[in-house]
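Taken in sequence, the protein lines are chains A and B. Using my numbering, you'd call the opening residue of the first sequence number 1 and step up by one each time. Using my numbering, you'd call the opening residue of the second sequence number 1001 and step up by one each time.
Be aware that a few hints might be false.
What the hints assert, rightly or not - Lysine-lysine pairs mimicking DSS-like chemistry, simulated, CA-CA at most 30 Å apart:
{"no.": "1", "chain 1": "A", "residue 1": "Lys-96", "chain 2": "B", "residue 2": "Lys-1081"}
{"no.": "2", "chain 1": "B", "residue 1": "Lys-1186", "chain 2": "B", "residue 2": "Lys-1246"}
{"no.": "3", "chain 1": "B", "residue 1": "Lys-1049", "chain 2": "A", "residue 2": "Lys-136"}
No lab work stands behind these hints, which were simulated from the structure alone.
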Amino acid sequence: MKEPEKAGFLTAASDAAYDALWESFRQGDTEAFEDMFRQYYPVLLNYGMRITRNEAEAKDCVQSLFLQIWERRQFLGPTTSARNYLLASLRRSILKKIGGIRQVYTEDFPDFQAELSIETKLIQSQVEAENARLLKEAFDKLPARQKEAIFLRFYEDQDFDEIARIMNISTRAVYKLIYKGLDNLQSQLGKNNIDLAYLLVLLLIPVG
Amino acid sequence: MDRHKYFSFKAVDFLLDEDFRRWMASGDHSGDSILTKQWEAWLLANPHKREEVEKARKLFRIMKFRNEIIDAGTVDREWAKLQESIGNFGSRGTADTLCADNDPGTHTIRRFSPFSQWRAGIAAAVAAIIILAGSGYYYFKEIKAPYEAITEHTAPKGQRLTLQLEDGTRVLLNAGSTISYPRNFKPERRELTLHGEAFFEVAPNPRSPFVITSGDVTTEVIGTSFGITAYPQKQVDVAVVTGKVKVYTDTEGSAPNEVFLTPNQMATFKEAGKPFLVSDFDRNKQLAWMSGVLYFDKADFPQVRTKLENWYGVTIVVDHGLELDDNLLLTGKYQDQPLEYVLDAYRYPDRFRYQIRNDTVTIFR
Chain A
1 MKEPEKAGFL
11 TAASDAAYDA
21 LWESFRQGDT
31 EAFEDMFRQY
41 YPVLLNYGMR
51 ITRNEAEAKD
61 CVQSLFLQIW
71 ERRQFLGPTT
81 SARNYLLASL
91 RRSILKKIGG
101 IRQVYTEDFP
111 DFQAELSIET
121 KLIQSQVEAE
131 NARLLKEAFD
141 KLPARQKEAI
151 FLRFYEDQDF
161 DEIARIMNIS
171 TRAVYKLIYK
181 GLDNLQSQLG
191 KNNIDLAYLL
201 VLLLIPVG
Chain B
1001 MDRHKYFSFK
1011 AVDFLLDEDF
1021 RRWMASGDHS
1031 GDSILTKQWE
1041 AWLLANPHKR
1051 EEVEKARKLF
1061 RIMKFRNEII
1071 DAGTVDREWA
1081 KLQESIGNFG
1091 SRGTADTLCA
1101 DNDPGTHTIR
1111 RFSPFSQWRA
1121 GIAAAVAAII
1131 ILAGSGYYYF
1141 KEIKAPYEAI
1151 TEHTAPKGQR
1161 LTLQLEDGTR
1171 VLLNAGSTIS
1181 YPRNFKPERR
1191 ELTLHGEAFF
1201 EVAPNPRSPF
1211 VITSGDVTTE
1221 VIGTSFGITA
1231 YPQKQVDVAV
1241 VTGKVKVYTD
1251 TEGSAPNEVF
1261 LTPNQMATFK
1271 EAGKPFLVSD
1281 FDRNKQLAWM
1291 SGVLYFDKAD
1301 FPQVRTKLEN
1311 WYGVTIVVDH
1321 GLELDDNLLL
1331 TGKYQDQPLE
1341 YVLDAYRYPD
1351 RFRYQIRNDT
1361 VTIFR
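Produce the entire structure from the sequences given, and follow the hints as far as they go.
What follows is the structure, encoded as structure tokens:
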């Protein structure tokens, strides 16, 4: 991963592509720091809790992250997105805390908590409720990193490059994870003789 | 949009496509929006793609994730905490003691197990509760502890909401209902307040009873599963599906009132000082709302009104000229019926007339 602080070019803060809030913060602007904290705290805690599920631990890690960037602000480089820089850093520090960085790519990778929430107003009958349940279950069963990539794409609406940076993998690998995840979903549902598309039609076409 | 790249696209490809997503995210799918015009024009020229695009639109709607709601109070508190830590910079190492990103040596113990294992553990013994609590002036009175952050979830009118609490308990909230609870449960007691109607699957924990307050009535999970129902005003019904629960009131000036319920039993609370009425209940009736059925059993006007307002997301206004008997009872089971259908059944043959305008229903002579 190309980390902003390692970029080694502490270039002009005025560059429009750089995150302005981050730039102000780097220059020691405490208000910018507070704005940044308040703006990204919910996103960060939400993401952190999907990796650890332990709320207190996720909170500690977000605290620690902000404390560290404040301490090290003079040494941090520019970034195009403070939000994504923070997400990536938080992910790294939680994984490290959980089991040491070496375990990140092994089967010990902790589950990723993302639960599909199917709009209940769309569910009109027992059969549909059952189908919705099957879809949720199928999603639950996906490997953690497929869930995480799909989550970042659909929930956080990140593009493939951004997901790659956050998850510290190549863009190609992100494509693979997401397509594999959706394929898996289809084949899980296939076991129950349900076509994903057919299921969605059942679920989503209003009755009457 | 780049019109040529889509020729080989399937639904999933559309779903992941930036232009497609921008179109979906724009929210305006009427013929007026430029994006919609572009897509419609493209679809007219490429009708064989319509099916895939339609699938993708449906997928887009369904790929939503349950959100952990982080309230402003939490952010305030965490900010205050951070400020304090920064103030303490003089005493070295504050950062290291929290989340030891730069000092893994001090934190080699894995403090928690993966969620998958944990959940398998509780799946064996799940408690289900259904609660319908009345509209209450009492709402929130129990949860005023000053620095205790309260999390609150409300299902929007016309929609139900599924939640999972930090202890693994799952809650299905009926339309318009609210639950609230401390951001972190106390270790010795999981306390929760309900306003409205809900179904609970309680994650058992013998060391920490699960306690639900709805108005004057408190329900405590003892065994595995049960249900509660409470109607508007002060009436509260508690209906046990499986397992065992304790239901009690503890209002000032009244004798303590307590019953234990076993499966298929229901306790009804009418007013303080009167004992609970224990009876059998019909599960199809108590749980009807969960499968999208609007069920009335000799419901009086205030009950019908509350249910219809929440179910259909409307406000019902009674015209001054109409003297409506509160005891005008409605019995019926409605699935996927428009509001007019239910109102027509209720007013039959000619008890009142009504007019629906936007979200307001006016009932008049």
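Each hint tested on the structure:
{"no.": "1", "hint": "A/Lys-96 x B/Lys-1081", "in the structure": "holds, 23 Å"}
{"no.": "2", "hint": "B/Lys-1186 x B/Lys-1246", "in the structure": "holds, 20 Å"}
{"no.": "3", "hint": "B/Lys-1049 x A/Lys-136", "in the structure": "holds, 27 Å"}
Violated hints are absent here; each numbered hint is respected by the structure.
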